[in-house]
Amino acid sequence: MSILVIAEHDNQLLNSATLNTVAAATQLGDDIHVLVAGSGAQAVAQAAGAVAGVSKVLHADGESLANGLAENMCAQVLGIASNYSHILFPATSAGKNVAPRVAAKLDVAQISDIIAIVSADTFKRPIYAGNAIATVESSDAQKVITVRTTAFDPQAAEGGNAAVESIAAVADAGSSRFVGREVAHSDRPELSGAAVVVTGGRGLGNAENFKLLEPLADKLGAALGASRAAVDAGYAPNDWQVGQTGKIVAPQLYLAFGVSGAIQHLAGMKDSKVIVAINKDPEAPIFGVADYGLVADLFDVLPELTNAL
Amino acid sequence: MKVLVPVKRVVDFNVKVRVKSDQSNVDIANVKMSMNPFDEIAVEEAIRLKENSVVSEVIAVSCGTASCQETLRTAMAIGADRSVLVQTDAELQPLAVAKLLKAVVDKEQPQLVILGKQAIDDDANQTGQMLAALLDWPQATFASKVEVNGDRVEVTREVDGGLETISLALPAVVTTDLRLNEPRYVTLPNIMRAKKKPLEVITPEEAGVDVTPRLKTLKVEEPPQRSAGIIVPDVATLVEKLKNEAKVI
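In order, the protein sequence lines correspond to chains A and B.
Residues 109 to 417 in the numbering used here are what the first sequence spells out, letter by letter.
Residues -16 to 232 in the numbering used here are what the second sequence spells out, letter by letter.
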């Protein structure tokens, strides 16, 4: 049977998390369909059709799907679910919101945040904040899965030539209503997809000092991240949070300034290729995972490092 | 209106778990257990709604072994009025828990169910959404603000890239994110008082729910260890290493 991937998008651009999810799907089968459910999202459907390995795009267009409300998205997926052996969502906030709802309606277990595919019914996923990796086998006829995007290299966005088929959008369930959105503006690369991430922790001391990270991030073309302590203290917005309960990142280079390295933070970044830690405290647990550690005052290091690059 | 708050007993968030040598699971014998941190936030939110006279009764519910009674006593010490324990020694997965919770919801008829967004042991992030699906109620996950207005609840959610606000018709399911509130400390008098609050015990059979796991855990392994790093003496050495050894800048 075919594999269904639920595209993530903002009605204008296809989110790169979709590419990682398609890449995971290619390990399960070669007939991969992508569902683009949205409002005025023709460009997204075209972009999804161009992704290498995609054989068909299903495009549902309607007001009910404009803001990705879980009730409507779930109904849209359920309408076509019976054609598929596997239904894959990226493990983003949108995917995590809808996937379990679909699974429960189908009366199957959902498999969260997979990091590897062993076979069509066996998957690896982290548990206990990444301190253990479980291999799980599903006995359900259909598998509903969320994919940890950093664990799969993105599929090429070009090279595919899939037909776009329009399907009817579901009617609005009416039980929930979108009120508004507050988007954190950023000119920097998106945190979960960035090649370099510069992160600040409580050691920065205040929100003003967090700005000291910006010149370095600009020089490296890096995204800015934060530990939970820094977010809770109001130094940084909450969508910068890296960790078990925030974003999971796996960049080429991760620079941590004034981050102690609690278990929950490490869960979000320990798959980075190279980790650099700058901390005053030589006993900080972050040094246990860092490839390069520098025991020094970050306020001295920051300007010096920025100038040296 | 009534609020139902499901709570889970998990390994304390400060404990670094070890994988058993036979790779059957993690070793949680003699490890400190406590209430899942997201569930504490859920209980706190329910209590605040009660303090603001929006809610008349808060019922805590847990599914698992007899030791989950401790977790329910904690919830009642925070302020829950009474508790229900669905007691079983069977392994419970999110779908089974959602079905058990649905049975409790059907009996208690709450207008709002507040759960944590995920448990820090299985990291599944599923139960709230599954419960909403089984009940056919609207859901608001990852809540950082909850406001009940008449027969609707307005919830601000933490999503990738910022915040979004949605409005749900009651009854509804809400799951909490970290920044929803700061749970209060339980005081000794409240712990003593909680011992006298009612705690009802039922079984999955009484609830009419088949809890057979759908996922079989074949193996639990240690994650790959990172090779030991080095401490560099100064910024110049760091830059040199990043350029020439790691080749990342």
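FYI, nobody ran anything at the bench for these hints, they're computed from the structure.
Every residue, glycine too, gets a C-beta built ideally from N, C-alpha and C.
Fair warning: there could be bad hints in the mix.
[What the hints assert, rightly or not] Just so you have them, the derived chain B footprint on chain A, three or more residues with Cβ under 8 Å:
| no. | segment |
| --- | --- |
| 1 | 130 to 143 |
| 2 | 146 to 153 |
| 3 | 158 to 166 |
| 4 | 180 to 193 |
| 5 | 262 to 273 |
| 6 | 341 to 352 |
| 7 | 368 to 378 |
[Stated by the list, open to error] Pairs of lysine to aspartate or glutamate, EDC-like flavour, derived with a Cα cap of 20 Å:
| no. | chain 1 | residue 1 | chain 2 | residue 2 |
| --- | --- | --- | --- | --- |
| 8 | B | Lys202 | A | Asp139 |
| 9 | B | Lys85 | B | Glu223 |
| 10 | A | Lys378 | B | Asp106 |
| 11 | B | Lys199 | B | Asp(-5) |
| 12 | A | Lys378 | B | Glu74 |
| 13 | A | Lys388 | B | Asp217 |
| 14 | A | Lys164 | A | Asp139 |
| 15 | A | Lys232 | B | Glu74 |
| 16 | B | Lys199 | A | Asp138 |
| 17 | A | Lys381 | B | Glu74 |
Status of each hint after checking the structure:
1. 130 to 143: Violated, because only 0 residues of the segment 130 to 143 of chain A bring their Cβ atoms closer than 8 Å to Cβ atoms of chain B.
2. 146 to 153: Violated - the segment 146 to 153 of chain A has 0 residues with a Cβ nearer than 8 Å to chain B, which falls short of three.
3. 158 to 166: violated (count 0)
4. 180 to 193: Coverage by chain B is violated for the segment 180 to 193 of chain A (1 residues, Cβ < 8 Å).
5. 262 to 273: violated (count 0)
6. 341 to 352: With 4 residues closer than 8 Å to chain B, the segment 341 to 352 of chain A meets the three-residue bar; holds.
7. 368 to 378: Our answer is that it holds, as 3 residues pass the Cβ test (under 8 Å) against chain B, meeting three.
8. Lys202(B) x Asp139(A): violated (30 Å)
9. Lys85(B) x Glu223(B): violated (59 Å)
10. Lys378(A) x Asp106(B): With Cα atoms ~17 Å apart, Lys378(A) and Asp106(B) stay inside 20 Å; holds.
11. Lys199(B) x Asp(-5)(B): Roughly 24 Å between the alpha carbons, so the hint for Lys199(B) and Asp(-5)(B) is violated.
12. Lys378(A) x Glu74(B): violated (30 Å)
13. Lys388(A) x Asp217(B): holds (13 Å)
14. Lys164(A) x Asp139(A): holds (8 Å)
15. Lys232(A) x Glu74(B): Holds. Lys232(A) to Glu74(B) sits at ~19 Å (cutoff 20 Å).
16. Lys199(B) x Asp138(A): Violated - the C-alpha atoms of Asp138(A) and Lys199(B) are around 26 Å apart, more than 20 Å.
17. Lys381(A) x Glu74(B): The given pair, whose Cα atoms are some 36 Å apart, is violated under the 20 Å limit.
In summary, the structure is inconsistent with hints 1, 2, 3, 4, 5, 8, 9, 11, 12, 16 and 17 from the numbered list given earlier, while agreeing with the others.
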